[in-house]
Every structure is written in C-alpha cells, then in structure tokens.
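Peer 1: If you want the building blocks of each chain, they are given just below.
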Amino acid sequence: MSEFEPRIVGFLCNWCTYAGADLAGTSRIQYPPNMKPIRVMCSAAVDSVYIVRALMEGADGVFIGGCHPGDCHYVSGNYKTRRRMVLFNSIMRSLGLDQERVLLRWISAAEGKKFADTITEFTEKLRKKGPSPFKTLWEV
Amino acid sequence: MSTEEQKSRSAEEEGRMIIRPYKLKVEGGNPVETVKAVCARWLKEGVLNAVMMPAFSRNGVAAPVLFSDPEAIRDSGVPFLPAMGVNTASVVDEIAFNPAPGVKVGVFLRPCEARAVVELVKLQQVVLDGLVLIGVDCPGTYRALDFFEVAGSDATSFVNRFLQEQDRYLAENRFRTACTMCEFPTPLVFDLHIGFLGMNPSEALWVAVGSEKGAELLKGLNIEVMQEPESRQKFIEELRTKRQMRAEEQIKELDKKALGPENLVRYFAACLNCHNCMKVCPVCYCRECFFESEALERDLDEVVRISRHKGQTRMPQGTLLFHITRMNHMMTSCVQCGICEDSCPVKIGLSVLFKKVSRNAQKEFDYLSGRSLDEPLPLVTFREDEFRTIGE
Ligand code: SF4
Ligand code: SF4
Ligand code: SF4
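Sequences listed follow chains X and Y, in order. Residue numbers 34 to 173, in this note's numbering, belong to the letters of the first sequence in order. Residue numbers 4 to 395, in this note's numbering, belong to the letters of the second sequence in order.
Next up, chain X with everything else stripped away, as it sits in the complex (with noise of 0.2 Å):
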C-alpha cells in the first residue's frame, strides 16, 4: 500500500508568503511537494468558505500565509485574519472538528526558509494525523 500524502491547499498571500515560497524556491530550498498554492491579495481576503470547501471536498489541510502583523500591505488585513482565525477556530471546537488541519502563520517575502519548514512540518502533521474524515464523506 502506497503512504498516504496528504493534500494541502494553500492561500499565499501576495506581498509576502507567496514572495517567500518564491524565495525558498530560487534559493533552492527542499520542502514537500504536497500543498496546491493559490495566490490571493492578502490573507483577509480567505473568507472562511474557501477553507470551509476545500476541507469538505477533500482537502487534508488548508494552508494560510499572511505577511506579520504591522506589516499588511493594507495596513490591518491580517489582525481581521487574526480575529477570523479566533472565530474559525471556536466554531471548529464548538462542533467537535480538528481545528488543526487548518494552519496560518505569518511568512514574510525574506523567509523563504521559514516557508520550507512550514509546508514540511505540517505536512508531517497531516500525514500524522491521516486523510481528513471529510474526504470519504459524500454526504457532506
């Protein structure tokens, strides 16, 4: 049997995170090939439908990267990212789901190792943790 890779969808955000997998791509840096990148403006711009989709449509994770709070392109994006997290995070408790196969971190367009290291762990962690029950769910 074949290990299982864990599908990750990720959401770049353009001025920083997605510079910084550009980066750590240019330097040559080795990270698992596992997340689907999708460049938005900014991480405020992820309503929570679009990771809300992707889990239920068979995503393991779904990846967030935002530039570090302060540094938002548009001033305050990402501390309303941080707050949507807050609320996303309670509701996931709240009906019993695994807030963990959701991940946001702050990645600026210098960290092109610290993006490398973040696929990979969570990579790791979703392998872990196996294929989201949401993907042999078709009633969902």
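Honestly, the hints are just simulated from the structure, not real lab data. Quick reminder that beta carbons are idealized off the backbone N, C-alpha and C, glycines included.
Only some residues are given here: those of chain X computed to face chain Y with a beta carbon under 10 Å: (1) 82; (2) 86; (3) 90; (4) 138; (5) 170.
Residues from chain X that keep clear of chain Y, each with C-beta distances beyond 12 Å, as calculated: (6) 52; (7) 61; (8) 63; (9) 72; (10) 142.
Dock chain Y with the ligands against chain X, hints included.
Peer 2: Just chain Y with the ligands now, with coordinates in the frame of chain X:
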C-alpha cells in the same frame, strides 16, 4: 444614577444606559388594553406616526403589524403576544434602511428582537433615526401555530391571563426551543421598556426610559416614578438561572449527538439546502447571498470530478458547507432567537446548536450580540496586541 438603580441592572447592562424607572398604572385590571390605549394616544396626538406591535386577527394571523390608525390598534393589536412567527428585527430591516424625515415609528421588540436590531444597526442595515425602540419583557413565546392551540381565539384575554399567571405558563414550558434556553428575558437596549415580569400586571407595569426619545413618549401620560420592584428583580434572576441550566442540559444532549464529522453529517442529514433558516434569520442580512450566487454554480465536469474523488456525491452538494460558513459569517451577531429552527421544514435542531456555537464564539471576543450600540462588531475591529499565539 442612584445606587438602587444601578443594582437593578444586570452586569451586562451596567453603565451602558441611563435608566429612569416609572410606574404605568393599569386601567381596569387589563394591562393589554392599557398599553394599547397609550399607543392609540401616541398615534392620535402625532407623537408617533405608526406603531409596530404584534397583532392577532380574527382570521388567525399572528404577526407584527404596522398600525397607523388608533382604532385599528385597539381592535387587533396585542402587546406582549407570546407568539413568534418572525423576528421583528428582520421586518425592521426591511423598512428602516432609508429613514424619511419627520416619520417616527414606535416598534415593540422582545429582547432577542431588540438585540437583533442593535446588531443590524452595527451592520449598517438599520438606521435608528425614525425608530423608537419599545422593548418589552419576554418570558417566552410559542410557535405561531402552537399559539392558536394554547390561546384560542381571544388573544387579549389569553395574554392578560398569561401575564397574570406567569409561573404557570413558565412551568408548562411549551415555548419555542430557543425560549426554553433564553438568558435575556428583558431587553438590553431600548428607548422605552415596558415590563411585567415578577409583578402583578393587573395593577401596574414597570416602565424604564433609556433615552431622550423614550422620555418624549412619556410626556403627558399619567405616570409616577417607581423603583424596580424587588420581586421583579428576583423573578428575573431566577428565570435567568433556570434558563441557563436548561441551556447547559440541552447543550450536553447536543454534544452527545452532534460532535465530530460523522455525527455532524448525521445531525444535518435531512437538510434540504432550502436556506429557509438563513432567510428568516434577522442578522443574516446580505441582500445577495453568496450561497445563492453564481459562485456556487458548477459545471458538469466539476460535479463529476468530485463524484470521482469520493466515488459518489450527495446532490445537492454543500449542505454542511452552507451551515459551517453561515456560522462563520453570522455567529458573532447571532442573538439566539431560534427563528431559524422554527422555519426549518425538517426540524433540524438549530436553536441549541447556534446557542452553543454563537455563545462560544462571542466569548472569544468578550462580545455579546445586541448588548450595546457602542461595542464594535468583533470582525471589524482588532487590537494589535491580542491573540499573539495565532499565526506565529
Ligand atoms: S428567545 Fe428570549 S426574548 Fe426571544 S422570544 Fe424567546 S424568550 Fe423571548
Ligand atoms: S442564526 Fe438562528 S438563532 Fe441566530 S440570530 Fe439567526 S435565526 Fe436567530
Ligand atoms: S431550513 Fe432546515 S432544511 Fe432548510 S437549509 Fe436550513 S437546516 Fe437545511
């Protein structure tokens, strides 16, 4: 504010409103007629151009009604009607988007409805200029259909009985599920508040003024200052405690049934994706909902691809997506009125679910929906130094 008055407000309300307490003498032992007479007078004297309050018609319609004729209000208005088919805030949302100069409408609101109006103001869906919020005590409401059974055809005498025998009706507990868990039997924000809980309403009603607008309404009426009776405070405290306990019990039951992916799917298994729960929700305000937009339309190849991934896929898709996303969009403003559950054709237990989810969510931000007009919505504000562990 005197210390007595301060004590009389619960912790949630403390220091947020200036409250002046009065006594409204009840004529002929009939609180319903007394309040209607006051409203008729407001209309006659032009203090208000219209009054919205629950009504019960000979044809069996129980709904909020906008009265502009003093005679009509005496005919079919029923203040304190313990039947709820819609949350009045969603009606206010329809009419108070664009205020007209010089038009003033007094709106009777139960506590959950008043809280929803407050949220809608903050969501910029309601403009208060033309409104006078008349909050009323609420020991619980029946589903409109159950009400006909309980009350018969003479709503006024039923409501008078209901007010006089509060304990009996509370003990019977045939109220809507949300009401059996409701922690706020008195309105938190109001211009004028008319109360009867824990009092003998055939003698007097308790009136509190929360703003200058509210004070205007009392001009020329025969009222005297009266501190909030202790019996009333005690009654309300006990009711709150009972309801909180009831809420905990029901949440415990919910947790046995609904937690985790499998159980959650089962909890929503019968969902038709009809979106009724969303349409009747007072705080679900978007005029164009994402879930009814083209964004969710799918091409054939997309649906087939999803089916191929899972081997099969339920149609229509996205019931859980809808519910979890709606929670993400609305839980900070949910007022736990439970109208969503009443509107659900397949009777999914939304009241207790939203009770739990919204309460937990609001706690994260030290927020209580509808508590105050000055508290910003949790998702439009932030502090730089909060939630440091998230994202790092
Ligand atoms: S939820 Fe509370 S305020 Fe609303 S109708 Fe029920 S008891 Fe009254
Ligand atoms: S979600 Fe349900 S309980 Fe909450 S405000 Fe909307 S209708 Fe009321
Ligand atoms: S009203 Fe009931 S059936 Fe309709 S969408 Fe809501 S939960 Fe589903």
